[in-house]
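*Asks:* Each chain, letter by letter, is given below.
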Amino acid sequence: MSRPAIEVIDEEFSNAISELFDFYCDSEIQPKIMTRRESAELLHCEADACCTNKEMVTSSIGICGSGLRCSIGLLTHAQTISKLCQGSAQCPTDWAGELANQLAGRFKNRIAAYDVSCQMGLPVSVRGLQLGFTTGCDQQTIQAVRLDFGVVIVLLHVNVDPALSWEHHPDLVSADEGSLHFF
Amino acid sequence: MSTNVLVVDDSATVRQQVCAALSQAGLTVSEAVDGVDGAAKIKSGGVDCVVCDVNMPNKNGIEMVAEVKKDVKFAKLPIIMLTTEGAKDLIAKAKAAGACGWIVKPFKADMLVAAVKKLTNAN
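From first to last, the protein sequence lines stand for chains Y and G.
Here the first sequence stands for residues 0 to 182, numbered as in numbering that gives the first Met the number 0.
Here the second sequence stands for residues 0 to 122, numbered as in numbering that gives the first Met the number 0.
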């Protein structure tokens, strides 16, 4: 049974976010969809509550292929992203880039089961004060991931034909995250 | 004699995580920042096993494996890919290039250590 591509993208992206942050937090994560303004306010409030340093990091990575172009962005405070690293990250921008890369990879692996073949770019990260997302495209979703030690805002900006539909192919499911294969 | 593992990844944080896991298990580690650096360090000798990312700048992991495996000296060198990618076509490409294992990130330290020890017969 085929489904609208945009519906599949939204669902699989949310699942990818939950799984990735579940792994690093060892707890069940429920991302919440919100507006850009709400996400900015939430980050501001969380910074006051959780962060002694207001420095922020953002990381972005692109994916394209099979009628799909999208970019994934992460935005949070440097202290929050460091705490997400097992052993704590020495360089928050590097770790933010790696998390964006792992999120993109997980998303790509999930949509591969719909016969969507994509290529990923390399993440680009920036560190600074008062960072925010400014894109105004209709096909974008902002989700907030609440952690015990702060908030991570995740943006998905999609460029896909609204009429495009995809069908699930169980035989095309990618290797599971954390799995090991010997040849 | 200690087993020398080369960790090739463009993320300094991932290199730090992988090296910490392997060194805590008694293995000796060294690092390379991309496929060009990795190939050079392998060719310089003394590497018993390689843990290598796929998506990296300058030269990706599969290209690095293909380059290294052209030299018969490294035909038996075990190379494990450690990557966010799980696509079957990429796994097949890595296998064809000469890699001997594939782990999809994020990884569990004990699994990585077990894989390296299995491939190098290290205890």
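Treat the hints as calculated values from the structure; they're not laboratory data.
Keep in mind that a hint or two might mislead.
[Claimed, not checked] Okay, the calculated bits of chain G under chain Y, using three or more residues with CB under 8 angstroms as the criterion:
#, region
1, 17-29
2, 57-68
3, 82-88
4, 94-100
[What the hints assert, rightly or not] Pairwise CB distance ranges (calculated):
#, chain 1, residue 1, chain 2, residue 2, range
5, G, 72, Y, 145, 38 to 44 angstroms
6, Y, 169, G, 42, 38 to 44 angstroms
7, G, 113, Y, 35, 40 to 46 angstroms
8, Y, 175, G, 32, 35 to 41 angstroms
9, Y, 168, G, 57, 31 to 37 angstroms
10, Y, 158, G, 57, 43 to 49 angstroms
11, G, 0, Y, 40, 22 to 28 angstroms
12, Y, 89, G, 42, 53 to 59 angstroms
13, G, 1, Y, 3, 40 to 46 angstroms
14, Y, 164, G, 23, 30 to 36 angstroms
[Claimed, not checked] In silico EDC-like links for lysine to aspartate or glutamate, alpha-carbon gap of 16 angstroms or less:
#, chain 1, residue 1, chain 2, residue 2
15, G, 87, Y, 25
16, G, 107, Y, 21
17, G, 117, G, 30
18, G, 87, Y, 18
19, G, 107, Y, 114
20, G, 87, Y, 21
21, Y, 82, Y, 40
22, G, 69, Y, 9
23, G, 107, Y, 170
Each residue gets a CB set at the ideal place from its N, CA and C atoms; glycine is no exception.
*Asks:* If a hint holds in the structure, say so; if it doesn't, say that too.
*Replies:* Structure-based check of each hint:
Coverage of the region 17-29 of chain G by chain Y is violated in this model, with 1 residues showing a Cβ closer than 8 angstroms to a Cβ of that chain against a need of three. Counting residues of the region 57-68 of chain G whose CB lies closer than 8 angstroms to any CB of chain Y gives 0, so the stated coverage by that chain is violated, three being the minimum. Taking a C-beta to C-beta cut-off of 8 angstroms, the region 82-88 of chain G contributes 7 residues in contact with chain Y, enough for the three needed, and the coverage statement holds. Evaluation of the coverage hint for the region 94-100 of chain G: fulfilled, as 4 residues show C-beta separations to chain Y shorter than 8 angstroms, against a requirement of three.
Distance hint for residue 72 of chain G and residue 145 of chain Y: a CB-CB separation of about 52 angstroms, inconsistent with the stated range 38 to 44 angstroms. At about 43 angstroms, the CB distance of residue 169 of chain Y to residue 42 of chain G agrees with the hint of 38 to 44 angstroms. Take residue 113 of chain G and residue 35 of chain Y: their Cβ atoms lie about 45 angstroms apart, and the range 40 to 46 angstroms holds. Between residue 175 of chain Y and residue 32 of chain G the beta carbon distance is about 28 angstroms. The supplied range of 35 to 41 angstroms is therefore violated.
In this structure the hint that residue 168 of chain Y and residue 57 of chain G lie 31 to 37 angstroms apart at CB holds, the actual value being about 34 angstroms. Judged by the Cβ atoms, the range 43 to 49 angstroms given for residue 158 of chain Y and residue 57 of chain G is violated: they are separated by roughly 28 angstroms. The hinted window of 22 to 28 angstroms between residue 0 of chain G and residue 40 of chain Y is violated, with their beta carbons roughly 59 angstroms apart. Roughly 29 angstroms separates the CB atoms of residue 89 of chain Y and residue 42 of chain G, a value that falls outside the hinted 53 to 59 angstroms.
Checking the proposed 40 to 46 angstroms range against residue 1 of chain G and residue 3 of chain Y shows it is violated: the Cβ atoms sit about 55 angstroms from each other. One distance hint, 30 to 36 angstroms for the beta-carbon pair residue 164 of chain Y and residue 23 of chain G, is violated here, with the actual separation near 49 angstroms. With a C-alpha separation of about 28 angstroms, the suggested pairing of residue 87 of chain G with residue 25 of chain Y is violated against the 16 angstroms cut-off. Between the alpha carbons of residue 107 of chain G and residue 21 of chain Y the distance comes to roughly 14 angstroms, so the proposed pair stays at or under 16 angstroms and holds.
Taking the CA atoms of residue 117 of chain G and residue 30 of chain G, the gap is about 21 angstroms. The hint is violated against a cut of 16 angstroms. Under the criterion of a C-alpha separation no larger than 16 angstroms, the hint pairing residue 87 of chain G with residue 18 of chain Y is inconsistent with the structure, at around 21 angstroms. In summary, the hint linking residue 107 of chain G to residue 114 of chain Y is not supported, as the alpha carbons are separated by about 29 angstroms, beyond the 16 angstroms threshold. Taking the CA atoms of residue 87 of chain G and residue 21 of chain Y, the gap is near 25 angstroms; set against the 16 angstroms cutoff, the hint is violated.
Among the hinted pairs, residue 82 of chain Y with residue 40 of chain Y is inconsistent with the structure: their alpha-carbon atoms are about 21 angstroms apart, more than 16 angstroms. Under the criterion of a C-alpha separation no larger than 16 angstroms, the hint pairing residue 69 of chain G with residue 9 of chain Y is inconsistent with the structure, at around 43 angstroms. Pair hint residue 107 of chain G plus residue 170 of chain Y does not hold up; C-alpha atoms about 26 angstroms apart against a cutoff of 16 angstroms.
Violated hints, listed in ascending order, are 1, 2, 5, 8, 10, 11, 12, 13, 14, 15, 17, 18, 19, 20, 21, 22, 23; each of the other numbered hints is respected by the structure.
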